[in-house]
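Visitor: Put chain B on the given structure of chain A with help from the hints.
Chains as they are written, first to last, in my numbering: chain A, 1 to 443; chain B, 1 to 443.
Keep in mind the hints are simulated off the structure, nothing from the lab. Incorrect hints may have been included.
Some chain A residues close to chain B (C-beta under 8 Å, calculated; not the full set) [said to hold, decoys possible]:
| no. | residue |
| --- | --- |
| 1 | Glu61 |
| 2 | Leu398 |
| 3 | Ile399 |
| 4 | Trp401 |
| 5 | Trp403 |
| 6 | Val415 |
| 7 | Phe416 |
The model shown is predicted, which means the values in this text are computed figures rather than measured ones. For each residue, glycine too, the CB sits at the ideal point set by N, CA and C.
Protein chains: 2
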Amino acid sequence: MQNTNSNKNPKVVIIGAGFGGLWAARTLANQPVDVVVIDRNNYHTFLALLYQVAAAELTAEDIAYPVRSVFRKIPNIDFILAHARRIDLQHHQIETDGETISYDYLILANGSVTSTFGVPGVEEHAYFLKTLEEAVALKNHIICCFEAAAREVNAKRKKSLLTFVIAGGGATGVEYAGALTELVHGPLIKDYPDIDFSETRIILLEAAEQLVSSMPSIIRDYTAGRLREMGVEVRLKEVVTEVYPDRVVLKGSEYIETNTVIWTAGVKGEGLAAASSIVVTRDGRVAVNETLQIHDQQNIYVIGDLASIKEGQRILPMVAQVAIQSGVTSAKNILRQTAGLAPQPFIYKDRGSMITIGRKAAGVAIGSRTFTGFFAWVMWLAIHLFNLIGFRNRVMVLINWAWDYLLYERAVRFVFPSETAFHPKSSSCSSGTMHDHDLHKGV
Amino acid sequence: MQNTNSNKNPKVVIIGAGFGGLWAARTLANQPVDVVVIDRNNYHTFLALLYQVAAAELTAEDIAYPVRSVFRKIPNIDFILAHARRIDLQHHQIETDGETISYDYLILANGSVTSTFGVPGVEEHAYFLKTLEEAVALKNHIICCFEAAAREVNAKRKKSLLTFVIAGGGATGVEYAGALTELVHGPLIKDYPDIDFSETRIILLEAAEQLVSSMPSIIRDYTAGRLREMGVEVRLKEVVTEVYPDRVVLKGSEYIETNTVIWTAGVKGEGLAAASSIVVTRDGRVAVNETLQIHDQQNIYVIGDLASIKEGQRILPMVAQVAIQSGVTSAKNILRQTAGLAPQPFIYKDRGSMITIGRKAAGVAIGSRTFTGFFAWVMWLAIHLFNLIGFRNRVMVLINWAWDYLLYERAVRFVFPSETAFHPKSSSCSSGTMHDHDLHKGV
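Chain A on its own, in the form it takes in the complex (with noise of 0.2 Å):
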C-alpha cells in the first residue's frame, strides 16, 4: 500500500471509471481517505465519440484512457482492475471476480447498460452500441455486410446486406445514423466500385413522436430535416416488435429484410445495484434521496446514469454533465461525513446539450437558446476535443477528424480483430455469423 496511515483513513471504494467515478475521485485526491477505484476496464471511455468509432472515424484507442495514468501521481488513489459481482451490504464488502474489497464508503458509478425491453430477437440478433467492444464489432460487421454485398449474386440478399436499420432516435441512434450515412457515401462508395450505392438505405425507426425528444422543438425539426436531407429514412412511431437474423418486424406486422439491426432504443442501470438487493426503479436505476445516499445506507451514494436523481418533477437525464457534478457532490459528502459534518443535497447545474448530425451540422441548446448548423457543429467539435482526457487522445481525435471532414477518408476501415468471437453477434467476415445466412455464392 502506498499510503502509510491506510489503517487510520477511512476506505472509500468508487465502482466504476466513466465520468461520475473518475471525478469523484478527483474529487477525493490527498485528500485524508484512501480510494480504490474498481473498474472492469483498464481504461476510461469516452462514449460520447463511441458512435465514431463504430462509424470507422476514430479507433477503440483514440477514446479510450488509462485509468492508472490518471491517478498515477495521486498517493491515495488506488485502482484494482475487477469486476463488481456483489455489494455485502451487512459486512461492507464487495464480491468480485477477483479479490473480495471492503469498504467504508461506496460509490456505486457502474453506470448503464442496453435495455432490450424484452422485444425477442433484439438480445440475439441485434448490434449495440455501449461498449468499445460492441462499437468495434458493429464496424466490422458493416464493412463485412459491403465485403459480402460486393461478391453477392442473389439480388434479394444483396438488398438485405445493404439495408441497416436503426432501432431509437434518441441521441446515439440520430449520431451514428449520419455517421453511417457519411461512411457509406464517402469512403465505401470508393472502395466499393461494383456495388450499386442507390441500393444502400439507412433506415432510423423510433418509437415515439419526435426524434431526440429531450431536445427543443427547433434541434428536433433540424435534425430530423438533415438526416432526410443526407438519405436517411427516418420512420417516426414506428415500433420493433422482434428481430430476425435477417429482418426486423414492425408493430402491424411490416418487416424489412436487413442483416443488420443496430438497437439504441433503450438504456438501464447497470445490474450490480440489483443483484445486492438494493432497490431498483423500473429502469434499473438506484433512488437516490437530494444527498445522493441510498435507503438506510448511510454510506453509500449512487451517482451518474445508475442513480435516479429527482429535480423537482423530473429524474435527471443520463448524460455526462450529471456523472460528474453528481460525482463531485458525492465524494464532498463523504468528506464532510467523515469530518462530523452533515452531507449536504446535490444541486444540478444543466450546461445545456447538443447533438450532431454530421458534417457542418449539429444542434446546441443552452438555457433558453438554441444553434443549428455549422456554427454549432463547431461548438460541438471544441467542447467535445476539451472534454477528451489526455493530451495524445486529443491529437489524435484532431488528426483524425480532419482527415474525414477535410479529405472524406475514414482511416480505420479494418476488419479487426477479424475473429471478433468477443461479441456472440459479430461476424467474421469470411467465417462464422455471415456463412450460416448462405451469403457467399460460389460463381
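Guide: Chain B only, in chain A's frame:
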C-alpha cells in the same frame, strides 16, 4: 466486373496482400490482365513493426492499411476478402471459405506462419508474434500480468507473473525483448507503484551461439551487449523442450517459472501449398525454379516468405525485400508469358539488413558496411517510416514514436478487447485463463 473486356484478358489471381502480393499487383496495374487479390484480412499489415503493437507502442490500426485503398484507382485489380483453403491444380481453381475462384495465372504470396517445431506445450501455452491479433493478445496479457502482480500476495506467484521469457533470438525476439524492457521500465514502473520492479525479469533464450545469426558479427555483438546493458538476461545455447502454463522447461531439465512464454523461435511456409499437393520443403516452403515458377505448373509462381529461392548455395531469407522483388519479377514474368515471351530469372539485389534494440540503439548492415548506435537508429526510424503504406499511418506512427522516445510514455496500454477470446491463449485480466491459475487471491 469493372473491366469491360474481362472475358478476353487472362486472369491473374494473387493470394496474399503482404509486401509480395501488393508489389506483384502494382506491377500488373493497367496491364492487359484481370487481377484478383485474395486475402483473409481486408488490410495489409506492416509486419516489421508488429512487435511495437505487442509492446503497447503502436495501435494495430497504425500498421495496417486497407487493401481496397491501395487499388481504388486501378480498374483491372479487384479484391476478394476470403480465406483460400485449397488449390485445384487440375481445374485451375481456388477453393475458399466463400466462393470458388478460377485463375489463368496464380501467384502464391501466402507468406509464413509460426513453427513450433513440435515442441510440446508451445501451441497451447506460448504466445506468438506473427499476426495483429497475436500482437494485441500478447500486449493485453503483459498488462494483465502486471495488474495481477499488483494484487498478488504470494511471492512465488508474483515472481512468476513478472518473469517474461522470449524463446528465439532472431530479429523478432531481439526487437521485442528491447521494446518490452522499455515498456516495463518506462511507463509500467510509473503505473504500478506497489510492484518492486527489481523483481521483473525479461529472459531471451536462443538455441544457437549467437543472436540474430544472419547479421555481421559486429552487429551481433552490439545487439547482445546492448540488450544486457538494458537488463535483458540473454541466454545462448538454450533449447526449450516443453512449455507449461506456469513454466518453461529447458534442455538439461532446468526450468523457469513464468506465466509468459513468447515463441519467436521459428517460422515455416503457410499451409495452403502443402494442402494443395504442391511439394514443399521441410520448413513448408515451395522450392521454385530460377524464374519463380513451380515444377510442372508453368502458370503458378511462388514469391516472398513462402518461396524457397536458391541463390547460389544459400536460400534467400524471409524478409520484405525478397518479397517485394520476387513479387515484381513474378508479375513481369506473367506479362512476358501473356505476350508469348519466356519468363526471366529472378535476380535478388540485397539492400542490406537492420535491427533495432531500443531507444537510440540499432544495427544496420549495407553491403560490407555496418553501423550501430544512434545513427543506425535514426536510419532505422526513417526507413521504417518511409516504408509504411499510407500518409496517415506515417503521421500516427511518428506521433506515437515521439510520445515514446521523447516522453517515455506508451499511450496504448489498454486491455482491449477485454474478452480476447479471439486468441485461445490470451487472458482477460479479470476472467478466464488467469483465474484458472488461481492468480487472484482474496485479501
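Visitor: If a hint holds in the structure, say so; if it does not, say that too.
Guide: Taking the hints in turn, this is what the structure says about them:
This hint holds: A:Glu61 has a C-beta 5 Å from the nearest C-beta of chain B, less than the 8 Å allowed. At a threshold of 8 Å, the smallest CB-CB gap from A:Leu398 to chain B is about 11 Å, leaving the interface hint violated. With its C-beta approaching chain B no nearer than about 6 Å, A:Ile399 sits inside the 8 Å limit, and its interface hint holds. Look at A:Trp401: its Cβ only gets to about 12 Å from chain B, farther than 8 Å, so that hint breaks.
A distance limit of 8 Å between C-beta atoms decides the matter here; for A:Trp403 the minimum to chain B is near 6 Å, and the interface restraint holds. Given the 8 Å rule on beta carbons, the hint for A:Val415 holds: about 5 Å separates it from the nearest Cβ of chain B. For A:Phe416, the shortest C-beta to C-beta distance to chain B is roughly 6 Å, which falls under 8 Å, so the interface hint holds.
When the structure is compared with the earlier hints, violations turn up for hints 2, 4 and for no others.
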